[in-house]
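Undergrad: Letter by letter, the chains look like this.
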Amino acid sequence: MHFILLMANAMKSELRYKANLLGVLIALVMMYSLQFVFFDVINSLVVLEGKDKNWLLIFFMAYAVGSLVVSFFNSAITDFFGALTQGKADMLLVRPISLMTLILFRWCEVYFIIAALVFLGVCVGSGLISFEPLLVNPYRTAIFCGVMVLGVLANLVFLLGLNAFSFVTQRQLPVDYIHLSILNFALLPATFFSKGLLYVFVAVLPMIVFASVALDGLYNGLTGLVSVYALVVVVSFIGVFKWVRCLFGRFNSVGG
Amino acid sequence: MLITDLLIATGIPFFIQFAVWTFVYEGASAEELPGYSLSEMYLYYIAVLALGRLNNAYDLIMNVSNHVHQGQLECFFAKPISYIQYSFFIFYGAALLYYVPLLMIALWVGLSSGEWVGAIGFIVFSALSLLLCFLLGFLMSLAAFWLTKSDMIISFQVVFTSVVGGTLLPLSYWPETIQPVMQYNPFRLLISGPAEFLLRPSVALAQELIVLLIIWLVLIYGACHMTFKLASARYSGAGG
Chain A
631 MHFILLMANA MKSELRYKAN LLGVLIALVM MYSLQFVFFD VINSLVVLEG KDKNWLLIFF
691 MAYAVGSLVV SFFNSAITDF FGALTQGKAD MLLVRPISLM TLILFRWCEV YFIIAALVFL
751 GVCVGSGLIS FEPLLVNPYR TAIFCGVMVL GVLANLVFLL GLNAFSFVTQ RQLPVDYIHL
811 SILNFALLPA TFFSKGLLYV FVAVLPMIVF ASVALDGLYN GLTGLVSVYA LVVVVSFIGV
871 FKWVRCLFGR FNSVGG
Chain B
1256 MLITDLLIAT GIPFFIQFAV WTFVYEGASA EELPGYSLSE MYLYYIAVLA LGRLNNAYDL
1316 IMNVSNHVHQ GQLECFFAKP ISYIQYSFFI FYGAALLYYV PLLMIALWVG LSSGEWVGAI
1376 GFIVFSALSL LLCFLLGFLM SLAAFWLTKS DMIISFQVVF TSVVGGTLLP LSYWPETIQP
1436 VMQYNPFRLL ISGPAEFLLR PSVALAQELI VLLIIWLVLI YGACHMTFKL ASARYSGAGG
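Protein sequences, first through last, are from chains A and B.
Numbering of the first sequence is given in the working numbering, commencing with residue 631 and proceeding in unit increments.
Numbering of the second sequence is given in the working numbering, commencing with residue 1256 and proceeding in unit increments.
Hints are supplied without guarantee of correctness; some may be wrong.
Stated by the list, open to error - Here are some, though not all, of the chain B residues that point toward chain A, as calculated from beta-carbon distances under 10 Å:
id : residue
1  : 1281
2  : 1400
3  : 1402
4  : 1411
5  : 1413
6  : 1419
7  : 1467
8  : 1468
9  : 1471
These are computed hints drawn from the structure, not numbers from a lab.
A virtual CB, placed ideally from N, CA and C, is assigned to each residue, including glycine.
Same shape as in the complex, but just chain A (with noise of 0.2 Å):
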């Protein structure tokens, strides 16, 4: 169980700096609640054809809670590889700990998961979302929470995948930039797509869809769509698996 230990001392090391992690968790859940009321307004203006009136408003919250816990992710596998480039992993390398555990957890910052958290209770609180949808159906209610594990795996197979490659060029590249603002993406509910537009989104970026699939799910129970989906990024993510233990294979560790 290293994760649990490297989530608890990367805790104890953003406790150590109490108003930063207090600033940080106040500004991150000011801006998903001004997000939050952007999508109420959306949703007064629309009306969605064949849709639960809080269809919006909960596709908003799944986007906000997924993307809060991929930034968790994120900014530990950021780390990692910019550690990794400059030399200065080689000495956790050699512990007898996975390199999975390593890249996932040990530079996490759980704040976001603080956040994420923190938010459901602003959803909660506010009573603007109404959690019927969630609580009428379990079954449908494990698929919604099925699919938004796989939205997260979705966005590590992008983050790891393209992050690899430092393995080889031996320089950190701007991964994070890059997904950050490809994730944005994801803000954009299914219906603004066609059909067709969707699965291909599916097939070949399926982070940007991961609230739409959720909410599908949600909806109408294990469609083909959540079953595409959660076949892509289950390929998708033992291939990355492979993909990052083949090329950590090659890395010299020289840095430079």
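Model the placement of chain B on the given structure of chain A, informed by the hints.
TA: Here is chain B on its own, set in the frame of chain A:
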């Protein structure tokens, strides 16, 4: 970096807003929508995203924080120019390149509509907003004298300019309870204020923006001086 900024940092948010508002305007009846027409909405987002790139105090905050945390301020105190002036010229020089897209927008609006009041006002308010942006960024960066990490300052800078400033939503679309905050906060003068004037120039709006600009410039300049004095007194130069 400029190309990356324009293509990714500006292009993607614009595409998202373009898609969202096209969807909204196609799905809603015109009388439900307060404020702008769809084409005005596109222009609003082009303008605010360009202003967001211009009025970006990220580097300023990072530089001041690094100087404080690494104990490098003495070098600047020895220069024949005050630290605030030095930071100002560095900030202005770095921002100038991002002024070109604003000039192009103003020129395009002026030529296409034949209406130059909004375009000229946009250029003038944008230039003044850069001064306010510097003072706001400098004031925020002074928190580095009291904080060991600067993540919090950067996070607030991003939230204030991107959301409170009006990049997310034009003023008239915010719920009435939030509108006063959105209307009178200084970040509006950096982002949505000049864009509003470009779209709907009027004497009343110009007066409102000028009065707000003067009040905030005086207040923040005073706050910068007082805080810098206090901060310099507690600065040990040891870094850390």
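Undergrad: Hints first: check each against the structure and report whether it holds.
TA: Here is what the structure says about each hint:
| no. | hint | in the structure |
| --- | --- | --- |
| 1 | 1281 | 9 Å, holds |
| 2 | 1400 | 13 Å, violated |
| 3 | 1402 | 6 Å, holds |
| 4 | 1411 | 5 Å, holds |
| 5 | 1413 | 7 Å, holds |
| 6 | 1419 | 7 Å, holds |
| 7 | 1467 | 21 Å, violated |
| 8 | 1468 | 23 Å, violated |
| 9 | 1471 | 20 Å, violated |
The structure does not agree with the numbered hints 2, 7, 8, 9 stated previously, though it agrees with the rest.
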